[in-house]
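Asks: Once you've looked at the hints, dock chain B against the given chain A.
Residues per chain are reported as follows:
There are 2 protein chains.
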Amino acid sequence: MLSALELAGRIEDGELAPADVVDLCAEAIARREDEVGAFAILDVERMRKRAQDRAAELIAAPLRGLPVGVKDLYDTADFPTAYGSPIYAGHRPASDAALVSMIRRAGGLILGKTVMTELAFIDPAGTRNPHHPEHTPGGSSSGSAAAVAAGMLPIAVGTQTAGSIIRPAAFCGVAGYKPSFKLLPMVGCKPFAWSLDTAGLFAARVADVAFAAAAITGRDLRIDRAQPAAPRIALVRTHVWPEASDAMQSAVEDAARLANRAGAKVAEVRLPPIFEDAFRAHGTIQDYEAYRALAFEYDHHRDRIGSKLRAMLDEAGKIAAADYDAARRTARRARQALADLMTDTDVLITPSAPGAAPKTLDSTGFPIFNRLWTLMGAPCINVAGEVDSARLPLGVQIVGRFARDRAALEAALFVEQAIARSHGAK
Amino acid sequence: MLSALELAGRIEDGELAPADVVDLCAEAIARREDEVGAFAILDVERMRKRAQDRAAELIAAPLRGLPVGVKDLYDTADFPTAYGSPIYAGHRPASDAALVSMIRRAGGLILGKTVMTELAFIDPAGTRNPHHPEHTPGGSSSGSAAAVAAGMLPIAVGTQTAGSIIRPAAFCGVAGYKPSFKLLPMVGCKPFAWSLDTAGLFAARVADVAFAAAAITGRDLRIDRAQPAAPRIALVRTHVWPEASDAMQSAVEDAARLANRAGAKVAEVRLPPIFEDAFRAHGTIQDYEAYRALAFEYDHHRDRIGSKLRAMLDEAGKIAAADYDAARRTARRARQALADLMTDTDVLITPSAPGAAPKTLDSTGFPIFNRLWTLMGAPCINVAGEVDSARLPLGVQIVGRFARDRAALEAALFVEQAIARSHGAK
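Sequence order for the protein chains is A and B.
For the first sequence, position 375 matches number 374 in numbering that gives the first Met the number 0, and the numbering has no gaps at all.
For the second sequence, position 295 matches number 294 in numbering that gives the first Met the number 0, and the numbering has no gaps at all.
Looking at chain A on its own, in the form it has when it is part of the complex:
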């Protein structure tokens, strides 16, 4: 994989030019893209030229001219934007999404748009898992996770409404960062459920994704300049724990033990029943809002919507406003309960997904370990490093407190280092 932090450092030191990094991506794309299928559209030539023409300006900018891939859910004025749907094939937006503009302002080169499930739901596109072509890369940000895992990009952008960043990051074995709700703007990103849709990032490792977030937002999120402090961690199984594979259960318990051995304070926490209610509330809120957010597509192009999404929307129209309101009240109570629960805890540790990437291209897997945390608006990070017996990645999820993104990233780095040291010792 391409480490954004390392590449940025080598550009700073004059060892690499931005165009050299474009070439590194282009080489990996030439090797892997035919099999993986991560890109909806690419423009390596234009970006190489821009990297050459504007080298000095890019080197001085926070992202140092690093290539970035953007999920095809974000509007781009210079690339077609299809939102993964045949309804929008060839669509050319009039402007760039806010996050795309911010990446350009920060000196990132948008190398291409990445493949996603149709309209960011669960009808899969053709992307394959770089670790095994018969396994799903996860979704809906399939191409973003796969492109980073295959070394084709150092940074990619995704979104999560249920589990669309953390799950594919886990399946592909990369760092995935779903920030606190609305830390990154959603302007110009096609909505699915406005109370849940959250923009986020993929990169090789936790410090890379933190570097990218810091560079794009101008926030103090870099965590690579000092050793991370030992965090206070709570191991949280949630009511869906029995759905996790044995390997996943072991991976999470193992990560907690390794973090503890490295100096972290680790406790176990049982979530009160309100969180089971909140888990269910997520579905009500998502579906109620999707029926409205996708009203135009449903009312005018129902037969061009994928079967899973169409079936969901057919049902979603029946949800009463009172049930939606009750779900939102449950969410608000659960957010307060989570804040109360975490007064003496920096982060939770819990599975990123039920297991490793399933062997199928007909499903992107299930977001049951993600829905609750998306609804909470909490920062979530997938930590890679653990693997199952077939050497497929198993993702461990770090969940932080709302708006404490830096602490969450630091804790994730701490856990990532503890896992890596243990593997190094084996």
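A hint or two may mislead.
Heads up, the list lumps identical chains together, so a pair's fine if it works in one copy or across two of them.
Unchecked claim - Simulated crosslink set (SDA-like; lysine to any residue; CA at most 20 Å straight-line):
#	residue 1	residue 2
1	K181	W193
2	K181	G376
3	K358	I318
4	K181	R331
5	K317	L23
6	K317	S306
7	K358	A76
8	K317	A213
9	K317	F365
10	K181	D219
11	K181	A338
12	K181	R327
13	K358	I273
I should point out that these hints are in silico values taken from the structure, not numbers from a laboratory.
Replies: Structure of chain B alone, referenced to chain A:
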């Protein structure tokens, strides 16, 4: 003015067909539009035909085929959408905004798009106040308020980020309803500041706007079927009270007195200092987000942005993330303080604007009596009925508790009736 509720009733009773109402609008448009300039684009012929072709279906739908005008900030697939900006002249969106779809689902006919200030900021467009052509109609939803006031439409859609619904409603003497934050979806409406942008409605009187909101959302918001209960009202002056004209101060105090005489419990409440902080926080949040929401326009078309908006964006780029975060924390604390303050109060009563519409077309007036309530996410209603010595409308603002929109509308109706009775008695 055209009462949505009365027209819907006459359609239900078979006295009017939907096409007859299109004709009523068309007649008023023929009489007033040249002077007022409320429409960015209109398609009366197509809507008349649709009203005829689909009469039975429309009559059976909640909005009964009533014509609706939509602020040109909302995407429409069948009308050009310019967001009030020369950058987007002739732009044709690929889809309808969610609220536009909901209006169509509810049996509304989108008669046209209404004029707005450039990109929903304060650089005025050409719309004139229907009560006096040398006075501003207010902004940014200028055309929506003016079209309803001139009897050219029974219902119009607007948005408010600072004071863009309540202020023009007050200046034009119509009912304006800014619902609780996100009660109406913003999907497909061009963002300005995502934490603040709120969709809302204009209609002749409070019961009309409540009828329209109920029909569009399917929520229990109709308040015309029984006499409204006597509300518990708190008169709130806020720290900007000295900026209100003598006539406006009298209008608010008069409305409170009349409501009290009609049976409402009226108290006076002094806001604690946190609300002055929140008032200032609104500007920080709005400008920080606008610099990102409008990044594409600013980075690519800076010279085609109006002078006031450009000057704001020039400064907004300097706001630090830490100041934005602090402003959001202030907002959260103030929301909690407002909930605590209103435990025994149904609504607040306060000015909708500093006074009547100023005599100028170079400014849309000031949102100083609106910023705080927009930031609070509270439902706000402009109640018309009071006038100044020149017979220009003075708007009284009713502010409800978050998510208690029905109670807020009912209280606004109570106050509206109390004012109307007193005028009838004069």
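Asks: All hints, please: hold or fail.
Replies: Hint check:
{"no.": "1", "hint": "K181 - W193", "verdict": "both (10 Å within a copy, 9 Å between copies)"}
{"no.": "2", "hint": "K181 - G376", "verdict": "both (8 Å within a copy, 16 Å between copies)"}
{"no.": "3", "hint": "K358 - I318", "verdict": "neither (34 Å within a copy, 48 Å between copies)"}
{"no.": "4", "hint": "K181 - R331", "verdict": "both (16 Å within a copy, 15 Å between copies)"}
{"no.": "5", "hint": "K317 - L23", "verdict": "neither (51 Å within a copy, 35 Å between copies)"}
{"no.": "6", "hint": "K317 - S306", "verdict": "within (18 Å within a copy, 47 Å between copies)"}
{"no.": "7", "hint": "K358 - A76", "verdict": "neither (36 Å within a copy, 41 Å between copies)"}
{"no.": "8", "hint": "K317 - A213", "verdict": "between (42 Å within a copy, 17 Å between copies)"}
{"no.": "9", "hint": "K317 - F365", "verdict": "neither (24 Å within a copy, 42 Å between copies)"}
{"no.": "10", "hint": "K181 - D219", "verdict": "within (16 Å within a copy, 30 Å between copies)"}
{"no.": "11", "hint": "K181 - A338", "verdict": "within (18 Å within a copy, 23 Å between copies)"}
{"no.": "12", "hint": "K181 - R327", "verdict": "both (17 Å within a copy, 12 Å between copies)"}
{"no.": "13", "hint": "K358 - I273", "verdict": "neither (34 Å within a copy, 56 Å between copies)"}
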